[in-house]
Structure formats: C-alpha cells, structure tokens
Amino acid sequence: MLGIVTFLPLAGAAGLLLVPAAEAGIARAVAMVFSLASAVASFIVLYHFEPGYAGMQYEVDVSWLSHPTVSYHMGIDGISLFLVLLTTVLTPVVILSTWSAIKDRVREFMVCMLMLETGMLGAFLALDMFLFFLFWELMLIPMYLIIGVWGGERRIYASVKFFIYTALGSVFMLLAILFMYWKSADPQTGARTFDVLRLYGVTFAPGEQRFLFLAMGLAFAIKVPMFPFHTWLPDAHVEAPTAGSVILAAVLLKMGTYGFLRFAMPLFPDAAWEFMPWVAGIAVVGIIYGAMMALVQKDLKKLVAYSSISHLGLVMIGICSLGVTGMTGAVYQMLNHGVSTGGLFLMVGVLYERRHTRLIAEYGGLAGVVPRAAAVFLVICLSSIGLPGTNGFVGEFLTLMGSFVAPVFNFAMIGGRWFVYLAATGVVLGAVYMLWAYQKVMFGPVTNDANKGLPDLSSREMLVFVPVLFLIFYMGIHTTFFTDRIAPSVTPIAARMTDHTGFDLGKTRPDLTPATLMRLKERLQPGQGGER
Amino acid sequence: MMQALSNMQNYLWLIPALPLLGAIVNGLFGRRLSTAFVSALAISTVTVSSVLSVMAFFAVRLVAHGAPMVTSLGSWFAIDRYGVAMNFMVDPLSSVMILVVTIVSTLIHIYSVGYMKGDPGYHRYFAYLNLFVFAMLVLVMGDNLVLMFVGWEGVGLCSYLLIGFWFTDEEKAIAGKKAFVVNRIGDFGFLLGIILLFHYAGTVDFAGLREVAPHFDVAAGTLTVITLLLFLGACGKSAQIPLYVWLPDAMAGPTPVSALIHAATMVTAGVYMVCRLSFMFALAPVTMGVIAGIGTLTALFAATIGLAQNDIKKVLAYSTVSQLGYMFAAAGVAAFSAGMFHLVTHAFFKACLFMCAGSVIHALSGEQDIGKMGGLSAKLPDTRFTFLVSTIAIAGFPPLSGFFSKDEILWLAFTSRNPAIPGLNYAVWAGLAITAFLTALYMFRLYYMVFTGGYAGHAHPHESPKVMTWPLVILAAVTMVLGFIGLPAWLEHPVEKAFVAVHGLFSKAPWSYPNFGHFISSSFYAQGSNFGFAEFSHAAEIGFTLFSIGIAVAGWYTAKRLYAGRTSAVPERLAERAGGLYRGAVAKWYVDEIYDAIIVKPFWAVSRALHQLVDVFIIDTLMVNGPAYIAQGTGYVLKFWQNGNVQRYLAAILVGAGVVVYVLLKG
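Going down the list, the sequences are from chains A and B.
Residue 87 in our numbering sits at position 87 of the first sequence, and the numbers go up by one each step.
Residue 1581 in our numbering sits at position 581 of the second sequence, and the numbers go up by one each step.
Rather than coming from a laboratory, the hints here were simulated on the basis of the structure.
Hints may be right or wrong, so weigh each one.
One-sided excerpt, in silico: chain B residues whose CB lies under 10 Å from chain A [stated by the list, open to error]:
id, residue
1, Arg1032
2, Leu1033
3, Met1055
4, Ala1078
5, Phe1149
6, Gly1151
7, Lys1172
8, Leu1196
9, Val1495
10, Glu1496
11, Lys1497
12, Gly1532
13, Leu1610
Footprint (simulated), chain B over chain A, 3 or more residues, beta carbon under 8 Å [what the hints assert, rightly or not]:
id, region
14, 39-45
15, 212-221
16, 262-274
In this text the structure is predicted, and so the values were computed from the model without any measurement.
Ideal placement from N, C-alpha and C gives every residue a C-beta, glycine not left out.
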C-alpha cells in the first residue's frame, strides 16, 4: 500500500512522457489524476491506521541488494502518517494552483512535480538509510529544476545556491550513513545493515556518536533551515514559482525536522542529549532572528520565507525538548506550518498572478477590491500567528508547554527554561510582522491604480484554498484526532532518550519536592505500545 | 419554572453557540442577505442568549444555590498527562458577567441598526459583533484557563477587526494592529502563566487550581511569578500601565463598538480574570500589591489625561482606563466583590455614555471635537438626559449606581491590609480619592462643553432615531436602580427592613433583599489568604461616605464654575498658567512617543542592521559567495597554465628545467 502511495506519482511522471509536449491540458489532467490517486491511497492508509500503536504499520521489508545489504524497507507510524498525508493533499492542490500560472513546458513541470512527490513520500516512509538517501536525493533534482527553469529573474543563482547548500549537507549525511553501515557489523555473523530499526539497536561509542550526530545534523539543519544555514531559503522561495514555494515550505523543510526526529536523535541518543541544549539555543536564535528579518522585508514572499525560519525554530525547540508533549507539539507544528505557510505562499501566488509583483509597497487597500481573498488571507494569517481555534495555537501551545516541562532544559548548561520564555516571544513577534504585512497589503486606501478592479478569487482558486481552510479549523478544534496518533509514536523516542543516558532527575533537580519528582519520573516512563 | 431552571445546565452551551451561529451565517452569506435579515438574525441570537443568561443566573441563584453548574462538550486536547476539556461553567461570578455581556450586547446590537444604517459593510459589522459576543462568552464561561485564553484571544481578534472596521482609512487599520500587538504582549504573559500552572499544578481547571493553590510554597515565589505573568495578560486586555496605550487609539472603531468592547465588556476581562483566580492571587501578596499599585496609578494617570482631551471619545476612553484602574485597585486590596460590582455598574453607565457620544457624533455628522459642540441640550433632549444620568453616576453622586460601587472601593481600600506591604492601603485610598475628584471634574467638563452654552459648530444637529435612543433610556434606567443591590452595610439593614415590610403587605412568600456582595462572594473563597480588612465603626464608614459625596460635589462644582455655559475664560488662563503641565496632559504625557523612541524604532533599526550585516554580508557574501568567488578566481588564474598552447608548455618546461639546473649547480 505504501508502495502504491509512493510510486503512483512516479508512474504518472513516466506516463506523462508519452503525452505530446504541446498538450498542456492533458499533461495537467494526467498529473492531477495521479496525484489525486496517491491522495486517495494515502487516505485508505489513514483509515486503516491503528491509533495508539507506537510501532511501524504497513511495514514492507524486502531484500533489495545483498552486497551491500540494502533492503526495500518501508513503514509508517504516527510521525510520518500526517506528513505523508500533508504531501499527498498538498500536491494536487498545488497542481490545481498552477493551472494558469505555469504556461511553458507544462508537461516537464508536471513530471518534476510528480517526481518530487515520490521523492518526498519515499523519504518519509523509508526505513532503510540507503533507501532514504536515494529518495532524499531524488527530491533535490526536480526542485532544482523547478526553481531553475520556472523561477523568477535570479532563478539560476537561487537554484544553484539551493543545490549546493543541500548537496553539501548530503555529502556529510552520506559519510555518516556509510560510517554507520561499517560500524553496524554484528559481532557473531559480521552482517552489516542500513536498516534504521536495526540501527536503533546498535550502540555507537560516544565519540562516534558526536561525529555522526553532527554530520547528519548538519544535513538536516541546512534543510530545516536553522540559523546560520538559512540564507538559501529566502532566495529559493522568492525565485521559485508559487507551486515550488508551497511544496518547499510545506513539505521539503519538514525533511530536516523529520530527520532529527527519526534519525539523528534516536540513533545517537547520548550525543543528542549532549547537543540538544545547544541546538535549542540555535533554534531560539532562529525564532527571534527569523521574525526580525521578516519584519524588515519589502518583498512579501521573502517575508513569508523568513517567517518559516522563525516557525521552524519553534518546531526544533519542541524536538529538542525530548519529551512526549514537546515532540508531539513539534510534529503538530510541522503540519501547521505546512498548512498555513503553504496557504500563505498560495495567496502570494494569487496576488502575483494578478499584479506580477511581490513588493508589499505595490499593494494596499485590496480588502475592498478582493474581499474574498482578503478573508481567506486573514484566516491563514491568524493561523500562522497561532490564534486559538486555528491549528497554529495547538502546535504552539503543546510545543511551548512540552519544552517547559522537559527535563532536558532543566540542567542545560546554557539558558535552561529561559529558552522557553524567549521562544514564546515569537508569539508577539509573529503578530507584529504578519499583521503589518496584512495591513499594508489589504488595508488603507487603494493608492495604486493598478490595484483597482482586480478580480476576486475564482471558483478554481477557492477550490485551492478550501482544503487549507478546512485543515486550519479542523486541526484547531479536533486535536485529539491527530495527537492520539502522533503521541504514541514519539513516546518510544522520548523513552529511548531518557533510558540511554542514565538520566537521574533527583540529581538534576534538587529544588523539586519528592512528590513532584515522582510525578516527573512517572511522566518519563516509556509509554504503552512498543514493537508489535 | 423551577423545572426549566434545573434543566438549564444542559443548555448552557447554547448561550455562546447562538451568537456564533449568527456570526457564521452573516459572515459567509451576509453579502447576499437583506440588511433586515442580517440585523434580525444578529439581534435575535443575542437576545435569546440573554434570555438564557437570565435563566442561568436564576438557576445558579435559586436551584444551585451558588454552586457552579458545568456542561461539558468533550475533550479538546489530551496528551501525555495534560488534558483540556471544553467545559462551560456558570457560577455566581460568571452568571453576573454573562448577564452584563448579553444584556449590554443586545442593547448595542439594537442601537447599531440605527448607527450603522447604510454602511456598505453592514453584514460584516454584525458578523464581527456576533463573533465578539461568542468569544466574550467563551472567555467568561470557560471552565479552565486555556478555554478562557481562547475567548481572550477571540475578543482580541474581534476588537482588531472592529477597530479597523473602516479599513480604507489607514490610521484606523494601524490602530487595530496596535491593539492586537499590544494585547499580544500581554497574552505572552498569560500564555506563560498557563504553561507554568500546567507544570507546577498539573491542571488548569478552575476547580483543580482552587484545590492546589494553597499547597504552593509561597516563599519560593513560584506563585508570585505565575500571578504576575497572568496579571501582565490582564494589563494588556484591560489597558493598564504600561500596556494601556492601545485603548485610546481603539476609539477609531465605530462608536457602538467602543461602547460594547472598549468600555463595557472586553476591557473588563482582565479584572474578571483576576477575580476568577482570586483564590490564587490572594495568596501572593506581592502580586496583589503590584495590582493595587498599578491600578491606582493608572486610575490617576489616565484621569489627568482625560482632563485635557478635546475629543469626546478620547475623554471617555481615558475615563475607561481610569475606571478600570479603580477595579484593579479593588481587586489588589482583595475587595473582589467591590471590584466586580464596579465592573457591573460601570458597564452600564459607560456603555450609556459612549452610546450618547455616538448619538451626538451621529447628530453632528461625524464631529468629535467638543470645542465645536455646545448647547446641544435643546436639540438632543433624550441624549442629553441619559448622558447626564450616567455622568452623575460615574461622578459618584448618590443614589446612582456609580456612587455605591465607588464608595465601597474607597472604603475597602482604606481598611484593607496587605500582609506583605503595610501602609499600601493609605496610598491606594489617597490615589483613588484624588481620582474621584478628577473623574467628577472631567465628566462634568465634558457634559457642560457638549450640552450647555452656545452651539459652536456648523452642522444641523438632530435627535437620533428611536432605535438608538431607547437603548440609552434603558441603560440610564438600569444605572439609576442598580446601586441598590450593593448598599453599604450600615445602610442595607434599614433599607432591607423597609423593603421586607412593604413586601409583606403583598405576599406571604419569604423574601430577602438582593445583595450583590453576598451572592457573588462564594466565588471568591480563598483558602489560606492573609488578607484582611480592619474593623471600624459604622460612624467612621458614614463619615467616609460623606467624604466621597463631598469629593464628587467638589469636582462637579469646579467643573460648573469653569465650563458651564462655556463662557468662563478661566480654563484658558489656567492652561496658560500651567503651561508645561497642561501641554503634557494634552499630549498624553508623550507615552506613545517614548515607547516609539525606546522600543519600536530601535527594534526595527536593529532588525534592519542585522539583516544587512548578518544575512547579506557575513553569511551570503563572506561565507556562501566568498568561497564561490575564491574558487572562481583560482580557476581564472590557473587556467593560464592549461590553455592548450604547446609552445607555452614547452617554454614553461624549459624555464622550470633551467631553474632546477641552476639550483642543483648552486647547491
């Protein structure tokens, strides 16, 4: 089933090659059908997904190469489930949004989109490091082409920058993967493995862990992107076509945070425990720095890009908390960011298509001209700044709370709980830049004649936004639907982190009363579920 | 009847749900609906809500006898050990609050039909207004802090939308944004307070917190930090120093909105929150001292600004800030009932004042400068009468409602004892007493400037339609009688006797005199609190009451001498004489400018500088493009060695060989 979800888009891409290049309509339809089919398949996965179960579901493990030992090992759990759904839902939405925006080389564009989708899905589902790396690299090329071919004026600079940044990370990751393979030799049989679940059982020496964590962490940190590896993002976003920006922000960036959660942390728990406070420190810098950068942008798309850096900083804080609540919040926040920032980029695309500019100063007073777009834009903005009732609040709240209660920060050498206080300033800063941008674009008098008489959202465009709006409210209200599936899967990771490090609360928190200590300890016990 | 009341618990959710329904229908389809339908829907949903609120109030009073009634709509989040349920609760405190919210809202909805007539955003206006009522009711009825926070942010959103309702005016849009951002600073504190409580208390349910609160180690300061963070939230929403700056700007919204949101209901949410959590605040004497201090300071500070403003709505806005300070001062000395009583009376007379102001502005086609008004009493008789009633009430003349609530606060402030800060009560009392004088002064100044003397403008004033004046009359009537449910102790006994005697003539059923404080006090039970009130004789209390009346009379008399008939030249001379002081008050003591200079501008400047320095220069130029240029440059230089020219290769070999030979021979 997971294979169907993953490879349907690739099959579509192959099919597209048979379509004559001039037939843009057919190319669009084919892309739409295959991405929708993949979405349907992923919903079937969701329907049969068993909540409350921690381990992998729909697992497929087939030997692929014997030397080196590579297997086609795929599986889905609460962490990847919704990321996969986010990908399969957003891809058709994005394809729909390109209906009028992409006019050149439509067929090639659709091939890239579908290949990209397979790459993303595969990366979320792969449980073999080798396989993961293949999918990881598979995403890189179509994205590079999407920016470089269909992008804006400085597309070549942006796409090369994107490529080199990511490739640099990939090199380190490949080194780490090969090193792990080499070290994974079974003492009796001498068999080595790329299999993630088996690698979880391998204990690396502290020095090795540090190297491996830093090598993989670098690859993921670039992808997130964390300060100071972030400068490829604004350029890539600004130059990419709307569809590229949406996918980039909504899904591709999550590869980084997902990588930390799935690989870098549980594989190297001691190193993670050691480095996490530092990573969290960088994440806090990212939150505040990203927000400050967003504040001074003149380009609407750049503003949204920098806001991504700020939001993903919060996700990283949640992950760094190494606790169930914080990590669940982080996964929630990943999805939220996908929905709301994806929505924001779609909205920027709508505006760009009408006015062919992204400069905030060119707009103003649009709320009177395009009331429907203004209302949609407002809801997405509010979701982005975490207003209760929307998805953003739930993720923000769980993340901050999880970080606050997280033991890891209690004895951190730098900062401690102050991380959380600082991270929470993002709540204020987010409102400042988002509402500033909204006011500049939508409110005030219409000063620019070019803005008079712009058409409001068409029905096709409304159709693009319906899933986004639905998710904003559904995820904001029916939270347990998501947390019931996410939390069980992050519980073993949290437990693993605490088991591995011989962590003793009593030593680290002499200020706590015995009763509170008991409660905290209970909270740290491994959860229900486990491997089936 | 009793049957219906005892079933009320199951229908509590309807109270917020109905306005939400109205908001959704009007928001989504309003553009295609007739204005009659839009207003009918908006008004009817709120009206039914207020009827249900009245029933809920009596259910709490007569059926539950003060015990909280809870209705559950299931779980909102549940993760790890943290759960938040969608529970709505009505107890004496919240039942009073929902009464105020729904009744004032209903009247303002009706009034708005006249005020907003013909506005192109009519349906949008009513959708926002209904949404506001929904959010406010969630805030009030939420059974835990997270749900309260939902309503808290929700009312903030509606406030933002309604302040910037006429968004084509950039200034109004900016005022809306300012309100939202300043409130967010407060919400940052509120949110952290919730998170800390989750961590330390393990729950955020009010019932649970009440149980846990006495077990906090007060000396460790945790509770002080938590309550201070929560109070920061209250400062934002209820416009206290240092976060009050958004409220005067919020007057950019339509006047009924100012009446409902920025005077009667939303801005009192902070006071409500402190009262709701009284069992925690009362255990943190330092926080209580801060609240009393900030409240008193704000009351005094805002009153001085109100004295010098010439925009009718700005005067009322600063008056609201000042009166909110009064409420906080009351809460800060643990006189929670008195604070809530002032909240209730204030909601009615301030809503009335704002709507009167709206009626005046409406009559003068948008004029808000009181310098261009005057002599309107003949043209706007109904407006003038209701305005006068409310002015007398806010100035603190008996027997109108404002007198009783204000007098009680002054008395309790004087007699209160903060265990951590001795002597604070005298400062609070003195500050509030001066404020009372200033209040009477600036309110009567406003009254005389607007309604007496000769008309100084050029419009053609006309009385507003009935749909606007009737709500005024109702509010004024409530203002006249409301004070009698909060009589001071020495007066209540004889009055009760008289009432019971009269009642006995008509009916045999037992009857007790309604007393606000007794009814609501069960919500303020604080176990382990060290707060107390010194005992004084009734004679002393009567003396203080006479003093309160004296203050009000003095304020009124000063205003009358200076402003009645708008003929006296004294104000101008006074303004000249006071020079800097006067200009400072007119310029709102330059607080906005100071914030701008020390916070807003530097923050933007630093952001801009960081962008240029870090992103553009250090990272992109030095670290990213730098290596690229080095690689390119190196390649550029090296390519001369590999240009495929055989002669040049040969020459290079010869030169190299020569050098080698030379070195060998030399060595």
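Structure-based check of each hint:
1. Arg1032: Hint on Arg1032/B: violated, closest Cβ of chain A at ~13 Å, above 10 Å.
2. Leu1033: It is violated, given that the least Cβ distance between Leu1033/B and chain A is near 15 Å, above 10 Å.
3. Met1055: Met1055/B check fails; min Cβ-Cβ to chain A is 27 Å, beyond 10 Å.
4. Ala1078: 6 Å, holds
5. Phe1149: 6 Å, holds
6. Gly1151: The hint holds - Gly1151/B has a Cβ within 10 Å of chain A, the shortest such distance being about 8 Å.
7. Lys1172: Hint on Lys1172/B: holds, closest Cβ of chain A at ~8 Å, below 10 Å.
8. Leu1196: Holds, because the Cβ-Cβ distance from Leu1196/B to chain A comes to roughly 7 Å (cut-off 10 Å).
9. Val1495: Since chain A brings no Cβ nearer than about 45 Å to Val1495/B, farther than 10 Å, the hint is violated.
10. Glu1496: 45 Å, violated
11. Lys1497: 50 Å, violated
12. Gly1532: Violated - the Cβ of Gly1532/B stays beyond 10 Å from chain A, reaching only about 29 Å at its closest.
13. Leu1610: 6 Å, holds
14. 39-45: The restraint on the region 39-45 of chain A is violated, since only 0 of its residues have a Cβ under 8 Å from chain B and three are required.
15. 212-221: Per the Cβ count (0), the hint is violated.
16. 262-274: violated (count 0)
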